[in-house]
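There are 2 protein chains.
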Amino acid sequence: SVNPDLASERQTASFSVEKLTTLLDGGVEHTRIRRAVVEAIEGDPIFSRENQYFQSQNERYEAAVRKAVHLQKKMHEMGWTENGPEFKYIYRALSGDIAFLLHRIFMRCISVLGSDKQIAKWVPLASQYQLIGSYAQTELGHGTYLQGLETTAVFDIATQEFILNTPKISAMKWWPGDMGRSATHTVVFAQLCIHGKCYGVHPFIVQIRSLQDHSLCPGITAGDIGPKMNFEHTDNGYLLLQNVRIPRENMLNKFCEVQPDGTYVRRGSQQINYFTMTTVRITLISDEVIIPLMKACTIAIRYSVVRRQSKLKPGEQEAKILDYQTQQEKLLPQLAAAYAFHFIKDYLQELLDKGHREIQRKNFDTLPELHAFSSGFKAVVTQYCTSAVEICLRACGGHGYSLLSGLPSLYTKILASCIYEGENTILLLQTARFLMKCFMAASTGQPVPPSVTYLAAGKPGKCPAKNKLDFLSPDIYTEAYQHVAIRLVSSTAAKLQDLIQSGLKKHDAWNQCTVQLVQAAKAHCHYITVKNFAETVEKLETKAGIQKIMKHLCDLFALHGMFSNAGVFLHDGYISGAQMDMVTASYLDLLAVIRKDAVPLVDAFDFTDKSLNSALGSYDGQVYQRLYEWAQKSPTNKQISPAYERYLKPLLHNTRSKM
Amino acid sequence: SVNPDLASERQTASFSVEKLTTLLDGGVEHTRIRRAVVEAIEGDPIFSRENQYFQSQNERYEAAVRKAVHLQKKMHEMGWTENGPEFKYIYRALSGDIAFLLHRIFMRCISVLGSDKQIAKWVPLASQYQLIGSYAQTELGHGTYLQGLETTAVFDIATQEFILNTPKISAMKWWPGDMGRSATHTVVFAQLCIHGKCYGVHPFIVQIRSLQDHSLCPGITAGDIGPKMNFEHTDNGYLLLQNVRIPRENMLNKFCEVQPDGTYVRRGSQQINYFTMTTVRITLISDEVIIPLMKACTIAIRYSVVRRQSKLKPGEQEAKILDYQTQQEKLLPQLAAAYAFHFIKDYLQELLDKGHREIQRKNFDTLPELHAFSSGFKAVVTQYCTSAVEICLRACGGHGYSLLSGLPSLYTKILASCIYEGENTILLLQTARFLMKCFMAASTGQPVPPSVTYLAAGKPGKCPAKNKLDFLSPDIYTEAYQHVAIRLVSSTAAKLQDLIQSGLKKHDAWNQCTVQLVQAAKAHCHYITVKNFAETVEKLETKAGIQKIMKHLCDLFALHGMFSNAGVFLHDGYISGAQMDMVTASYLDLLAVIRKDAVPLVDAFDFTDKSLNSALGSYDGQVYQRLYEWAQKSPTNKQISPAYERYLKPLLHNTRSKM
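These protein sequences, in sequence, are chains A and B. Just so you know, we're using the numbering used here here: the first sequence kicks off at 22 and counts up by one. Just so you know, we're using the numbering used here here: the second sequence kicks off at 22 and counts up by one.
Hints should not be assumed to be uniformly reliable.
Here are the simulated distance ranges between beta carbons [to be verified]:
#: 1; chain 1: B; residue 1: I661; chain 2: A; residue 2: T629; range: 34 to 42 Å
#: 2; chain 1: B; residue 1: E80; chain 2: A; residue 2: P239; range: 35 to 43 Å
#: 3; chain 1: B; residue 1: Q228; chain 2: A; residue 2: N675; range: 17 to 25 Å
#: 4; chain 1: A; residue 1: P485; chain 2: B; residue 2: L490; range: 35 to 43 Å
#: 5; chain 1: B; residue 1: P656; chain 2: A; residue 2: T629; range: 32 to 40 Å
#: 6; chain 1: B; residue 1: Q467; chain 2: A; residue 2: S22; range: 51 to 59 Å
#: 7; chain 1: B; residue 1: R53; chain 2: A; residue 2: D529; range: 44 to 52 Å
#: 8; chain 1: B; residue 1: S464; chain 2: A; residue 2: P335; range: 20 to 28 Å
#: 9; chain 1: A; residue 1: G598; chain 2: B; residue 2: R287; range: 46 to 54 Å
In case anyone wonders, no lab produced these hints; they're calculated from the structure. Nothing here was measured: the structure is a model prediction, and the numbers come from that model. Even glycine gets a Cβ: it sits at the ideal position worked out from N, Cα and C.
Put together the whole structure using the sequences plus the hints.
What follows is the structure, given as structure tokens:
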């Protein structure tokens, strides 16, 4: 039975929840397929996440391997293939709680960087699990700066082998998933040396564990890097190489080769590599970032209409906490952000597809824009959503702090997305570099990619809004965001120029502008997000109330951004103090409007109870019963304390005898 | 041997580190005592935290009980007493990783709320550990709103007993520490009912476990609430009461009593209760919030001078990451905040001591101010420091995400401080209510407490700064913070008045202003923090370079706040856009200045390696060696994968046979 406080929220939805779900899925057919996958996965006890919050790191790892092995069988059974429409929903249905993800990267890496011969040899072995692969790039001492990797691969002409070594501790491979305990093989990125000359970082296939008994191969030291904030299910590993010899054929050689006599040959363009990174960044935004935020919103908002605390009006019953303006102000902007980023993901996917088509026609012109976009949005979306999940967690008070709420693990996992696949600050600076170039080009009338032509349109001016309702006009706020992006890009470009003209070296000048460059890159992404949301809303069908509620969310997302970053809008007077008061008034009004549809808006995300795995967020809202039931299953819940015999009993009894 | 990259940072300190340490401790004698306590605790293997990151919740709990039991012996051995000068350093030296903290609250509760007779009976029993106490206030359905507690205590005249019950699941006690597995007794807060009439929440002493064999008493259901984000060492518990009968004498009756015939008598003032809450909030700021931030800064800053990544200048060696402006901008403001809050803690302690003296003279006039201050600062400091620790964690990239860095557990623990001892938003609204009252009083010329007389001084005007150096003048920025606080308090008061005059009920008007009320309360606390920092610096001795570096940190704290909350300063034109550019310029300049002293500034916190318990933050900076050594100790680090026999072997071998 559904908690009546939650049930009543659903009766007054201003729109069709099912219609919104299919909009989010991209059509009725996708919704159908997604639900079928979810049902098949969740109906299979081997994929259960029921005891997840009670398991040790070892148990989590073992379960993840079990699931990965079982998934092969399941896919066969269900007729799912890697290229089928179901595939993208499988990982989501498993909430990513599965092993061998790096095994897939191992295969992709060989497919992209290997010659046809190498692909023909290794990919079938991997796809049939005759080996388990990993991807050994990051080292203890080097992450994002790949050129600095210190592992060496020296070519030995005499034996036609590469000799791999970890010359010092900072060169030890560190973090690769699936490598700590599972992998038999890995792709090692190492500095290629021939005749004492270094040719930079190259990829080498190295066997690390026996295929017979899984023991470590000679010269290999490897293991698990230990406890982390999350990802207990993944065996992130370390790897130390001591004179490990591999045949010449094990260097992935689609783009460069070492010939038998030691001649180094480079061929073709490596630009396509950037495209792979771009693809990964855009994909992770959806699965690892937006979905977790949607889950956090679902949990926190359902809980906030079931939890009653204190009185809003004297004499009445205690109020649902979502009826407090402060609670609305915590949660509803995060809900709006989940929608905003869902739509920006569609936008990025489209850009990616277009880029892909161009590349297939050997046109690489779109790559810089695509790279800048994927970098900037990866950083902005992961950062925003991480903060948003944390807000959801804190908004649930003590119960949010219990692992049983599901919120701590959503938070500790999404946090990693700010670090992996490129540290966010560095990514934003890459976006900023692109913006600086485009701004300079645009200022001198040269052509720039369509997404940044706006940079040339900058002119001083004032926001024309006259009252708070004007700020519900997408033109008004989109224009304001654009104005800020142009101002921050242009003023930072000017500072950079000034510093260089004053005699500073280029790199010193750049470093002295980086704080502002980051701000400019963020402003650009924020503007594009708002603009895209507004344009998406514009195109929605007007029936079933969908467009109307999406318009409210778009307004809320935009005004929340103005309210919380007021400084950048007020700085040059584009928005006046009086206008900012109008923004605030409209923003607060919107909270009360969207609050009415808050539960239907999270219901539309269509998460099952199993996928939320939360005592606070289930569809029926029976929060307290579930917390109690789940707590009783905890391994900490023994009739007699484990500290009793050894510590408590002597303490209590000793002191009594002293009396 | 110290990593040379770290050693070189210490050679150029502009001030005496030891002098700064004694300043932070409050004098040479305190430093001596603190170090003696730390040495005694850390030298005793029973208090070791060495394997903490590898332990399960059960192991952490057992270790915490072991330490608590051993501490009794240790204190006796060392001649430490609860009233001695060493006592406050013990908890700090243990990093709070100890059981029976609620046992102490149990004793304090009886001392404050019990009659002399009750104190004489229970306190000796507790202090000699003839029983283990707890404090059962929070319920599944009620936290901060105490009046809503649902547990009942019905007086039975016939037997002269109270009958305690948990009438519904939401009334179950939930969260009390030491109760899940250790406690034999607890103070239960329940609604007192006599002859069908309810008299509100009262405290009752209830035995929950046998003193013979620790089994649960009749009518008692209790256990551990399961896994949490942190506090694995604490057995937070649940408690369900079914017709549990306790004698009439077990209601704590200093302030109210139920007489044998059922007559309810109230006596004396309960105001002193507020004083207890106030004391707890101010104490926790130091131990649970500022110290963890200082630790996080120490770890992140030491790591940032040892970690080299990418090149700042072409052709040179890779740069220390702290040499990047963006890294300075992440970490140095958090360092400045640690100092700012350390000094505000001294300020609050002084206020508290003054209040205490007044109360002993039966003057309760200072209580409202003290309550408002402790609430607001508890909220502001916990929130700020939690975000600051998270920034430190993220600034260490992948290694910060490893539990071995120490940062994840600092973060997950400090996060709880935003929730316990009063949820932050509710506390800020209490501060805001006090500010509204004072503002109204001040506007009509009535007397207000000295800390808020500034509210009457509000006048429009402009900041007189003419260039970026002017913003290094404490008068200039303190004035700006004051201006903002007055503006936000007065404009919110005006909005509240307007809404009421437009016909809204008072409570509805209040709810519609809460987002802005929270802003106003924060602005007030921020202003006081800046002002207090500036005044503290003013009074410091000028020798040994201490005053100069503290002045830099004060400037940085103030300008960082202006840079990151620019909107509130720009809103009414008090600060112009051009002036905000000066703020930014001075702010960025300061980063480069303070960066030079960054390591000495964290060295001054004087944490031992054991107290940091971090592979990244040790005094010698041997980061990579330590990560590797520690990882090898992890229970996940077995020669053969625990998933091998059952899953990996069949997978690898099955597929081979399929070939």
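Comparing the hints with the structure gives:
1. B/I661 with A/T629: 34 to 42 Å: Taking Cβ atoms as reference, B/I661 and A/T629 lie about 37 Å apart, which means the hint holds.
2. B/E80 with A/P239: 35 to 43 Å: holds (36 Å)
3. B/Q228 with A/N675: 17 to 25 Å: The hint (17 to 25 Å, Cβ to Cβ) holds, given that B/Q228 and A/N675 are roughly 20 Å apart.
4. A/P485 with B/L490: 35 to 43 Å: holds (38 Å)
5. B/P656 with A/T629: 32 to 40 Å: holds (33 Å)
6. B/Q467 with A/S22: 51 to 59 Å: holds (55 Å)
7. B/R53 with A/D529: 44 to 52 Å: holds (46 Å)
8. B/S464 with A/P335: 20 to 28 Å: This hint holds: roughly 26 Å between Cβ atoms.
9. A/G598 with B/R287: 46 to 54 Å: Taking Cβ atoms as reference, A/G598 and B/R287 lie about 51 Å apart, which means the hint holds.
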